[in-house]
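Protein chains in written order, with this note's numbering: chain F, 1 to 144; chain R, 145 to 338.
Watch out, some of these pointers could steer you wrong.
Stated by the list, open to error - Derived Cβ-Cβ restraints for the label pairs, each shown as a range:
hint : chain 1 : residue 1 : chain 2 : residue 2 : range
1    : R       : I318      : F       : H120      : 50 to 56 Å
2    : R       : R229      : F       : H68       : 47 to 53 Å
3    : R       : A152      : F       : K141      : 49 to 55 Å
4    : R       : G230      : F       : I102      : 34 to 40 Å
5    : R       : R229      : F       : A40       : 30 to 36 Å
6    : R       : L337      : F       : G34       : 51 to 57 Å
7    : F       : P103      : R       : W259      : 50 to 56 Å
8    : R       : I318      : F       : A94       : 15 to 21 Å
9    : F       : L52       : R       : R258      : 48 to 54 Å
10   : R       : R319      : F       : P103      : 37 to 43 Å
Claimed, not checked - From the structure, some residues in chain R lie toward chain F, with a derived Cβ separation under 8 Å:
hint : residue
11   : L260
12   : N263
13   : A309
Worth flagging that the hints you see were computed from the coordinates, not collected in a lab. Don't be surprised by glycine CBs; every beta carbon is placed ideally from N, CA and C.
Residue-level listing of the chains:
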Amino acid sequence: MTREQFIEEWSVAQIMPGPNVVNLSLMLGARSFGLPGALAALAGMMTIPLVLVLLLAMVYAQFASHPHVIGALHGMGAVVAGLIIATAIKLSSALKTNSLGIPGCIALGVPCFVGVAFLHWPLAYVLLGLGAVGCLLAYRKLKP
Amino acid sequence: MSSAPILALRWTDWLNLFIHYSSFSVLSVGGAITLASEMHRYLVVQQHWLSEAQFSSSIAIAQAAPGPNVLFVALLGWNVGLNSRGTVAALFGVLITMAGMLLPSSTLCCLSARWLHHNRELRVVRAFRQGIGPIVVALMGSTGWILARAQSNPATDWRLWLLTAATALILWRIRIHFLWLLAAGAILGWFGLV
Chain F
1 MTREQFIEEW SVAQIMPGPN VVNLSLMLGA RSFGLPGALA ALAGMMTIPL
51 VLVLLLAMVY AQFASHPHVI GALHGMGAVV AGLIIATAIK LSSALKTNSL
101 GIPGCIALGV PCFVGVAFLH WPLAYVLLGL GAVGCLLAYR KLKP
Chain R
145 MSSAPILALR WTDWLNLFIH YSSFSVLSVG GAITLASEMH RYLVVQQHWL
195 SEAQFSSSIA IAQAAPGPNV LFVALLGWNV GLNSRGTVAA LFGVLITMAG
245 MLLPSSTLCC LSARWLHHNR ELRVVRAFRQ GIGPIVVALM GSTGWILARA
295 QSNPATDWRL WLLTAATALI LWRIRIHFLW LLAAGAILGW FGLV
C-alpha cells in the first residue's frame with residue numbers, strides 16, 4: 001500500500017462516525033482479506049490494550065482512597081483536560097480553509113460549545129440542528 | 145468529591161445503556177472522545193450511575209494506558225458495572241458499552257467505506273466534511289472544559305485549572321510527547337502541589 005492510498009483511507013476513516021483507529025483498521029483489514037480480515041484487524045487492535053486498561057483500573061481501585069493516588073489522578077485529569085483543549089485548538093486551524101469561512105465557523109462553533117459545555121444540551125439535537133445547518137451552508141457554498 | 149454510587153441495575157437499565165451507546169456510536173464523528181461530554185451528561189448528571197471522580201479517572205487512566213483512546217468507553221462501562229454488582233457485572237458493562245460504541249459505526253464504516261472512497265470528490269461528501277468541521281472542534285473544546293470542571297471548583301482548585309491551561313498552551317505550541325506532561329501532572333498531584 002502506498003502513502004497516498006493510506007492517506008485516502010485515513011480521510012475516509014475520519015469523516016465516518018466511530019473511533020478513527022477502529023475504522024481505519026477495519027478498512028485496512030477488509031481491503032486485504034474481506035470481512036474476516038476486518039474482524040482480525042479489529043481484535044488485534046483492541047484486545048491487548050483493553051486487558052491492560054482493565055488491569056490498570058483494578059490496580060487503581062485498590063489504592064483509590066490513598067490521598068497521594070487521588071492527588072495524582074487529579075493532576076492527570078487536569079493534564080488530560082489540557083490535552084483535549086489543545087487538540088481542539090490545533091484542529092481549529094484546519095477551519096481556516098473551510099468553505100464556511102471563519103465567521104461561519106464561529107457562528108456554528110460558539111453556540112455548540114456553549115450549548116454542550118454550559119447548557120448541557122443533548123448531543124443529538126446539536127448535531128442534527130447545528131450540524132445540519134453547517135452541512136447545508138457548506139453545500140450551498142460549494143456550488144460548482 | 146462525591147463517592148461512588150451503589151446501584152441495582154435491571155436489564156432495562158442495561159438495555160438503556162446499550163441503546164445510548166449505540167446512538168453515541170452513530171454520532172461520533174471525529175472520534176469517541178468528542179462525545180465524552182455527552183457521556184458525562186448521561187452517566188453522571190442524568191442517571192447518577194457514576195461519580196464525577198469515577199468519570200474523570202476513567203478518562204485519565206485510559207489516556208495513560210497504551211492503545212486507542214476509545215477504551216475510556218470500556219472503563220466507563222466497567223465502573224457502571226462495578227457500582228452495580230461487582231466484577232462480573234463490570235465485565236458485562238465493558239461488553240455492553242463497547243459493543244454499543246463499536247457495532248453501529250463499524251457496520252456503517254464497512255458498508256459505506258467503498259462508496260465514500262469512490263465519491264470523495266462528490267459535493268455532498270465534501271459539504272458534510274466541511275459543515276461538520278466547526279461542530280467537531282466545538283465538541284472537542286466542550287469535552288475539555290467539562291473534564292477541567294469535573295474535578296475542581298475555580299475558587300479553591302485554581303492550581304488544577306492553571307495546570308490544565310499550561311498543558312493546553314504547551315501542547316499547542318511545543319512539540320513534546322503528551323505522556324511527559326501526564327507524568328508531570330501525576331507527580332505534582334502526588335505531592336499535593338496542585
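Verification of the supplied hints:
1. For the pair R/I318 and F/H120, the supplied restraint of 50 to 56 Å is violated, since their beta-carbon distance comes to about 34 Å.
2. A C-beta distance of roughly 30 Å is found between R/R229 and F/H68, which places it outside the suggested range of 47 to 53 Å.
3. Against the hinted window of 49 to 55 Å, the Cβ-Cβ separation of R/A152 and F/K141 comes to about 53 Å, which satisfies the hint.
4. The given range of 34 to 40 Å is broken by R/G230 and F/I102, whose C-beta atoms sit roughly 52 Å from each other.
5. Between R/R229 and F/A40 the CB atoms are about 33 Å apart, so this pair conforms to the stated range of 30 to 36 Å.
6. As the Cβ distance of R/L337 to F/G34 is approximately 54 Å, the hint placing it in 51 to 57 Å holds.
7. Here the CB-CB span from F/P103 to R/W259 is close to 33 Å, at odds with the stated 50 to 56 Å.
8. Between R/I318 and F/A94 the C-beta distance comes to about 20 Å, which sits within the given range of 15 to 21 Å.
9. A C-beta distance of roughly 33 Å is found between F/L52 and R/R258, which places it outside the suggested range of 48 to 54 Å.
10. Remark: the range hint 37 to 43 Å for R/R319 to F/P103 is contradicted by a beta-carbon distance near 31 Å.
11. The beta carbon of R/L260 is positioned within 8 Å of a beta carbon in chain F (closest approach about 5 Å), and the interface hint is therefore held.
12. Hint status for R/N263: violated, given a least beta-carbon distance of 10 Å to chain F, over 8 Å.
13. Proximity of R/A309 to chain F holds as hinted, the smallest CB-CB distance being about 7 Å (cut-off 8 Å).
The structure shown violates the earlier hints numbered 1, 2, 4, 7, 9, 10 and 12.
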